[in-house]
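A.B. asks: Sequence:
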Amino acid sequence: MSSLVQSVDWLAIAPPTLAAVVGLVVLVADLFVGEARKAVLGWISVAGLAAAALLLLPLLDGDRATFCVTGDADACSYVADRFTLVIQLLVLGGALLAALLSVTALKDADKEIPEGEYWFLLLSSAAGAALLPASRDLATLIVALEVASLPAFALVGIRRGDRKSSEAALKFFLSSVTATAVSLMGVSFVYATTGTLHLTRIADRIQHVDGQFHTLAQTGVVLTLVGFAFKTAAVPFHFWVPDTYVGAPLPIAAYLSVVGKAVGFSGLILVTVIAFPSYADVWGPALAALAALTMTVGNVGALRQRSTRAYSAVRLLAWSSVGQAGYLLVPIASAAYSKDAQKAIGSTVAYALMYAAVNLGAFAVAALVARTRPLNRISDYRGLYARNPLSALVLGFFLLCLAGLPPGIIGLFAKVTVFSAVVDAGLGWLAVVMAVNVVIALFYYLQWTTLLFRAPEGEPGTHRVPAPLTAAIALTAVLGVALSGAPQLVLRFSETGLF
Numbered sequence: 005m006s007s008l009v010q011s012v013d014w015l016a017i018a019p020p021t022l023a024a025v026v027g028l029v030v031l032v033a034d035l036f037v038g039e040a041r042k043a044v045l046g047w048i049s050v051a052g053l054a055a056a057a058l059l060l061l062p063l064l065d066g067d068r069a070t071f072c073v074t075g076d077a078d079a080c081s082y083v084a085d086r087f088t089l090v091i092q093l094l095v096l097g098g099a100l101l102a103a104l105l106s107v108t109a110l111k112d113a114d115k116e117i118p119e120g121e122y123w124f125l126l127l128s129s130a131a132g133a134a135l136l137p138a139s140r141d142l143a144t145l146i147v148a149l150e151v152a153s154l155p156a157f158a159l160v161g162i163r164r165g166d167r168k169s170s171e172a173a174l175k176f177f178l179s180s181v182t183a184t185a186v187s188l189m190g191v192s193f194v195y196a197t198t199g200t201l202h203l204t205r206i207a208d209r210i211q212h213v214d215g216q217f218h219t220l221a222q223t224g225v226v227l228t229l230v231g232f233a234f235k236t237a238a239v240p241f242h243f244w245v246p247d248t249y250v251g252a253p254l255p256i257a258a259y260l261s262v263v264g265k266a267v268g269f270s271g272l273i274l275v276t277v278i279a280f281p282s283y284a285d286v287w288g289p290a291l292a293a294l295a296a297l298t299m300t301v302g303n304v305g306a307l308r309q310r311s312t313r314a315y316s317a318v319r320l321l322a323w324s325s326v327g328q329a330g331y332l333l334v335p336i337a338s339a340a341y342s343k344d345a346q347k348a349i350g351s352t353v354a355y356a357l358m359y360a361a362v363n364l365g366a367f368a369v370a371a372l373v374a375r376t377r378p379l380n381r382i383s384d385y386r387g388l389y390a391r392n393p394l395s396a397l398v399l400g401f402f403l404l405c406l407a408g409l410p411p412g413i414i415g416l417f418a419k420v421t422v423f424s425a426v427v428d429a430g431l432g433w434l435a436v437v438m439a440v441n442v443v444i445a446l447f448y449y450l451q452w453t454t455l456l457f458r459a460p461e462g463e464p465g466t467h468r469v470p471a472p473l474t475a476a477i478a479l480t481a482v483l484g485v486a487l488s489g490a491p492q493l494v495l496r497f498s499e500t501g502l503f
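So for the sequence shown, our numbering puts the first residue at 5; every next one is plus one.
Among these hints, one or two may not hold up.
[Said to hold, decoys possible] As a list, the in silico SDA-like pairs of lysine to any residue whose alpha-carbon atoms are at most 25 angstroms apart:
1) K168 with A158
2) K343 with D85
3) K115 with D34
4) K175 with L188
5) K343 with V420
6) K175 with S316
Just so you know, the hints here were simulated from the structure itself, not pulled from any lab data.
Since the structure is predicted, the reported quantities are computational estimates derived from the model, not experimental observations.
Could you build the full structure based on these sequences and the hints that come with them?
C.D. replies: Here it is in structure tokens:
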């Protein structure tokens, strides 16, 4: 008789496990650390996230799988393949940079934010986000999605007595819970028609569903995708983004813009390409339409931001992130029509890596400006070059990367890979929509960039940049410049190995 006890590959699950353990350590340590020494909790968290990222290195020697069904090595709940490791690097690296921004933000908050709870929630969310790309059954996917999301709701509304923060958290929570409920209904439909939750088994069995259950299976596929579409901030599931980014502490807005998207896109890729390839005629056109709608609404929303409005810089980055989500959706939609789906998915991963580095860098400079200009209007960036030349040059570089203009070669390269994927798939109309949106985005990115180098209004004051903030800006800048020098490394690194 074969054993029903599953063996556990501890090395495979080490990165998300370490992030979760460090979160618990920080929460317990908070009880014993005095108010004057709370900053040490932040550095423990930073060290924990860095160690979790380093634990990805031993996993590069080959694919690993654990929590497998006894007697069926292909039906596993956790798989550490190339795709998993790339997304986990993006997630843990993004969380690490958000943690560096948070060290300064918590010090400036002057006890308005409870530090122990903050770090526990951030590490818990990072652990869930790192678990999700390795998940290979629908139950683990949904659990990982919620472990990543639930702490994020609390982080958005963690400022004591801040009405704007509380409203943002409530809007984020209610809309996310609704999307999750819809997804769970979809999962239940898929399970009812296939009798399994493992993605590889679903892919096989959903092709042979009885005719009377065919509509139920189709409905299940569509509803399952809704929750992941919400996490990616795809239109019409985007309405929570601007208010949430403005109401959240700035490091959390940066975290959501990158790690939150990585969670949504990795989940979307897994359920479409692995679980539902036979339903490509359902999700392909739907994702293509979503991509076109998302990039258009996002870019038009960013274009409409008035430079003198309070928090307009953060709102522009929020709407811009919605537009970027549209570009990220394009290769996933293309995978439904392409002969080489793996190459199409690789384009999404490559674009996500570029976007993560430069968007976190833009938020880091926004966090720096917010220290002296808390309303964070776009007009507050006028003359930044006179006050802080390096920060202005770095922000200008990040904005040009997002626009896809030299010297931001990595941004141009990422957009070309996405164009290549959509053209290879024969979706000419989507390529035209994307080209129009790239031109729209050029206007507001260049408008902000030119503002940095204009003559400042009043005397240009200088201010000291804290070490953690300097480290975050420097890391993202070095990464952006290095990748612009060798952009082919991104595409090579982002080969997914999903098939």
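A.B. asks: Mind listing which of the numbered hints don't hold for this structure, in increasing order?
C.D. replies: none
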